[in-house]
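Model the placement of chain B on the given structure of chain A, informed by the hints.
2 protein chains.
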Amino acid sequence: MVAAAGDRIGLPHGGGGVETEELILYIRRFFRKWAPENGGGVDLLDDGAFLPYGDKYLVFTIDTYTVKPVFFPGGDIGVLAAAGTLNDLAVMGARPIGFMDTLLIEEGFPRKSLEKIIESMAGIVNEAGAALLGGDIKVMPRGGVDEIAVTGFGVGVADRLLRKDGARIGDLVIVTGPVGDHGAVVLAHQLGFETSLRSDARYIGPAIEAAMNAGEIHAAKDPTRGGLAMALNEIAEASGVTIIVWGDKVPVREETRGIADIAGVDPLALASEGQAVIVAKRGDAEKVLSALHAAGYTEAAVIGEVVEEKMFPVLLETGVGGLRILEKPSGEIVPRIC
Amino acid sequence: MVAAAGDRIGLPHGGGGVETEELILYIRRFFRKWAPENGGGVDLLDDGAFLPYGDKYLVFTIDTYTVKPVFFPGGDIGVLAAAGTLNDLAVMGARPIGFMDTLLIEEGFPRKSLEKIIESMAGIVNEAGAALLGGDIKVMPRGGVDEIAVTGFGVGVADRLLRKDGARIGDLVIVTGPVGDHGAVVLAHQLGFETSLRSDARYIGPAIEAAMNAGEIHAAKDPTRGGLAMALNEIAEASGVTIIVWGDKVPVREETRGIADIAGVDPLALASEGQAVIVAKRGDAEKVLSALHAAGYTEAAVIGEVVEEKMFPVLLETGVGGLRILEKPSGEIVPRIC
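Just so you know, the sequences run in chain order A and B.
So in numbering that gives the first Met the number 0, spot 317 of the first sequence is number 316, and the numbers just go up one at a time.
So in numbering that gives the first Met the number 0, spot 65 of the second sequence is number 64, and the numbers just go up one at a time.
I should point out that these hints are in silico values taken from the structure, not numbers from a laboratory.
Each residue gets a CB set at the ideal place from its N, CA and C atoms; glycine is no exception.
Fair warning: there could be bad hints in the mix.
Stated by the list, open to error - Capping the alpha-carbon separation at 27 Å, the derived lysine-lysine pairs in DSS-like fashion look like this:
hint, chain 1, residue 1, chain 2, residue 2
1, B, Lys248, B, Lys286
2, B, Lys280, B, Lys309
3, A, Lys32, B, Lys115
4, A, Lys67, A, Lys115
5, A, Lys32, B, Lys55
6, A, Lys55, B, Lys55
7, A, Lys55, A, Lys32
8, B, Lys280, A, Lys55
9, A, Lys115, B, Lys32
10, B, Lys67, B, Lys115
11, A, Lys111, B, Lys32
12, A, Lys55, A, Lys309
13, A, Lys309, A, Lys248
14, A, Lys111, A, Lys67
15, A, Lys32, B, Lys111
16, B, Lys248, B, Lys280
17, A, Lys67, B, Lys67
18, B, Lys309, B, Lys248
Claimed, not checked - Derived list of chain B stretches under chain A, where covered just means 3 residues or more per stretch with a C-beta under 8 Å from a C-beta of chain A:
hint, stretch
19, 8-21
20, 121-128
21, 144-157
Stated by the list, open to error - A partial selection of chain B residues facing chain A, derived with a Cβ cut-off under 7 Å:
hint, residue
22, Ile26
23, Pro35
24, Thr101
25, Met139
Bound-form chain A, shown alone (with noise of 0.2 Å):
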């Protein structure tokens, strides 16, 4: 007897777009309290959860990762563990203080390549300024994982909470730079095509710190699973409003959307793991754009903007002035890609 779809968890429960979002609104159900006194938890289906703490807050966030190759042109697991978690933490406007980590390795693996993840998501963790709190190591017999899982925990503190819900009517959305780029490297590993295209993944919380310094930030997301279509819905819906993308203005290399094009997915639902979106009020847009140019992040742009809710969430502008609906994505794009 086959077991209809329904019955059975597939890749898109874990694609981080519509299939994602439902199974962790059913899971939701089964808690009694959905965030703890005076804070905020899954009810915010949010990057992260917060707690008062004296007059900040503390923010915290967990994720799982993946990604196959464990080794990626441009990082490996152990980076994008560690930039994944603390740019969850950044984008919420909190600077991290604590990582945890917990290894699920395969009987096997090298030591070598076990050393050189942890080196790697050290380096990112340092660089963030974070201590490491502790953490868990488990081995599978083989077979049980392939290769190596990571779990990545993080902490910081906020002293001003930015939230997906902030987005205002006039706001403009500014991204840091080029996005899909990891997304693109994992995508032609798998379909085992060259590219000399590497991952973005990397720390963004100078982004964001140079951007609340420079001006009034009101949203902040770091377009990962799903892409920057994933992560302009879910800021348009939780603030209620609708965004404009402005297509031509969207940074992605031509090496991405050539990657994108073959594989036939859009390079706006790829995974970036080092970049930002920005939702800033329209009078400090260009403060905020400059003093990201001045940190380097020379590729910042203006994508789009803020207007009142219509009947969709995000709208894209395409270069021959035609608008089209920008959908979360559905199904699994790219499997194993965080």
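For chain B alone, coordinates are given in the frame of chain A:
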């Protein structure tokens, strides 16, 4: 060419004994900071980390669970992930306020099984009064992971911090009930024989709370991987004392002892997932024991005492008046025990 064993990660690295400890000490060196400001992190090598929180402490912990079978007599991986995580908070004196989980699921895993696991997990989290703060879901293609692995993160608030270095000469050592049941159940299943034994997996916060309300508690620990042997060694080493264990006072069920005997392992090295070791001031031990009995931990017993540091951290007094060293377990006693 066959690599030397040292070049590869082996099951013992995840066994929670000396090899795990060594690997953690190695990994730690790559990180510049080992503790947050005014707090404790991987410098403690304890069950959790902490941060000052007003006049209290926030305690954090993370663990990944890989138990096989996923459903076992007395529980499942969901119970284990929630109880294991929240128990690590409880033994540091903290009341859980938040929980996060990440699910690493194999494509094709039955949805009904996942729902059962979530229901179990939520049951424990709800019982402990914690909120679901967030989480992550990743799905790996078939063969990427064997069924499911779950990571649990917990945060709690402690009025007074219990640390494993708190045991003092003269203290008495109490255990909340029979040890090794979880390890024995999983071991029996893996060896393929029948047993009426059930895992002890449960939340032990009420035991710690009852003990702390009844008397002066100096340290506590949940004897999971590595069992009572590892837990007592860790407390003794961290506290710079020796613990004498009275072998005939340690509660071990007949079935557990039988399974351990057949498998040729020491029941004191088998994991419990619903018991705690509590080190109490000698004068208060009787009150603490009564409070535990009254709270339903009817098999709680005083099992030993803390003496000045001798040659070895833990010495086991055998029935016939002999004394032997109770060492930290090494090797992989039971793979995928938790």
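Cross-check of the supplied hints:
1. B:Lys248 - B:Lys286: Judged against 27 Å, a Cα distance of about 18 Å means the pair holds.
2. B:Lys280 - B:Lys309: 20 Å, holds
3. A:Lys32 - B:Lys115: With Cα atoms ~19 Å apart, Lys32 (chain A) and Lys115 (chain B) stay inside 27 Å; holds.
4. A:Lys67 - A:Lys115: Given that 27 Å is the threshold and the Cα spacing comes to 16 Å, the pair holds.
5. A:Lys32 - B:Lys55: 22 Å, holds
6. A:Lys55 - B:Lys55: 16 Å, holds
7. A:Lys55 - A:Lys32: Judged against 27 Å, a Cα distance of about 23 Å means the pair holds.
8. B:Lys280 - A:Lys55: 38 Å, violated
9. A:Lys115 - B:Lys32: Within the cut-off at roughly 19 Å; holds.
10. B:Lys67 - B:Lys115: Given that 27 Å is the threshold and the Cα spacing comes to 16 Å, the pair holds.
11. A:Lys111 - B:Lys32: 23 Å, holds
12. A:Lys55 - A:Lys309: Given that 27 Å is the threshold and the Cα spacing comes to 35 Å, the pair is violated.
13. A:Lys309 - A:Lys248: Holds, because 22 Å separates the two Cα atoms, which is no more than 27 Å.
14. A:Lys111 - A:Lys67: 18 Å, holds
15. A:Lys32 - B:Lys111: Roughly 23 Å between the alpha carbons, so the hint for Lys32 (chain A) and Lys111 (chain B) holds.
16. B:Lys248 - B:Lys280: 18 Å, holds
17. A:Lys67 - B:Lys67: 24 Å, holds
18. B:Lys309 - B:Lys248: Given that 27 Å is the threshold and the Cα spacing comes to 22 Å, the pair holds.
19. 8-21: Result for this restraint: holds, n = 8.
20. 121-128: Held - the stretch 121-128 of chain B has 4 residues with a Cβ nearer than 8 Å to chain A, which meets the minimum of three.
21. 144-157: Holds: 6 residues of the stretch 144-157 of chain B have a Cβ under 8 Å from chain A.
22. Ile26: Where the cut-off is 7 Å and the nearest Cβ of chain A is about 5 Å from Ile26 (chain B), the hint holds.
23. Pro35: Hint holds; Pro35 (chain B) Cβ to chain A Cβ min 5 Å, cut 7 Å.
24. Thr101: 4 Å, holds
25. Met139: With a closest approach of 6 Å, the Met139 (chain B) hint holds.
Figure legend: structure checked against the earlier numbered hints; hints not met, in rising order: 8, 12.
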